Amino acid sequence: MALIEEVSFKPLLWKTRDTNYKRRDKREEAWADIATTLNARYRKNLSRDEVVGVFKNLKDSYYRQRRSNTKATGSGIKAKEAVEIC
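Okay, so the sequence shown: first residue is 1 according to UniProt numbering, each after it adds one.
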């Protein structure tokens, strides 16, 4: 949860309308900052790449689970049901 919280404090990593969203140098700096914060908080030695990988895995797992929880409508014309994730 700490990783998700730290990413939520850095909108340039997830908010496409952020002015720095497309700036790779700023994104890499933000991920390095998150890695430093988590390492200090939990006395770990995670690299920026490890932190990015863990977050990507969490995000992909969430979307995979969300997709598997939707129900097909049969005809395919109607939108799939929305699923609330607690």
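Incorrect hints may appear among the rest.
Claimed, not checked - DSSO-like mimics (lysine-lysine), calculated; alpha carbons at most 30 angstroms apart, straight line:
#	residue 1	residue 2
1	Lys-44	Lys-56
2	Lys-15	Lys-26
3	Lys-59	Lys-15
4	Lys-59	Lys-10
5	Lys-10	Lys-44
6	Lys-59	Lys-26
7	Lys-15	Lys-56
8	Lys-59	Lys-22
9	Lys-15	Lys-44
10	Lys-22	Lys-56
11	Lys-44	Lys-59
12	Lys-26	Lys-56
13	Lys-10	Lys-26
14	Lys-10	Lys-56
15	Lys-26	Lys-44
Quick caveat, the hints were computed from the structure, so don't treat them as lab data. All figures in this text were calculated on a predicted structure; none of them were measured in a lab.
Hint check:
no.	hint	result
1	Lys-44 / Lys-56	19 angstroms, holds
2	Lys-15 / Lys-26	13 angstroms, holds
3	Lys-59 / Lys-15	14 angstroms, holds
4	Lys-59 / Lys-10	16 angstroms, holds
5	Lys-10 / Lys-44	21 angstroms, holds
6	Lys-59 / Lys-26	21 angstroms, holds
7	Lys-15 / Lys-56	15 angstroms, holds
8	Lys-59 / Lys-22	19 angstroms, holds
9	Lys-15 / Lys-44	28 angstroms, holds
10	Lys-22 / Lys-56	18 angstroms, holds
11	Lys-44 / Lys-59	22 angstroms, holds
12	Lys-26 / Lys-56	18 angstroms, holds
13	Lys-10 / Lys-26	10 angstroms, holds
14	Lys-10 / Lys-56	15 angstroms, holds
15	Lys-26 / Lys-44	23 angstroms, holds
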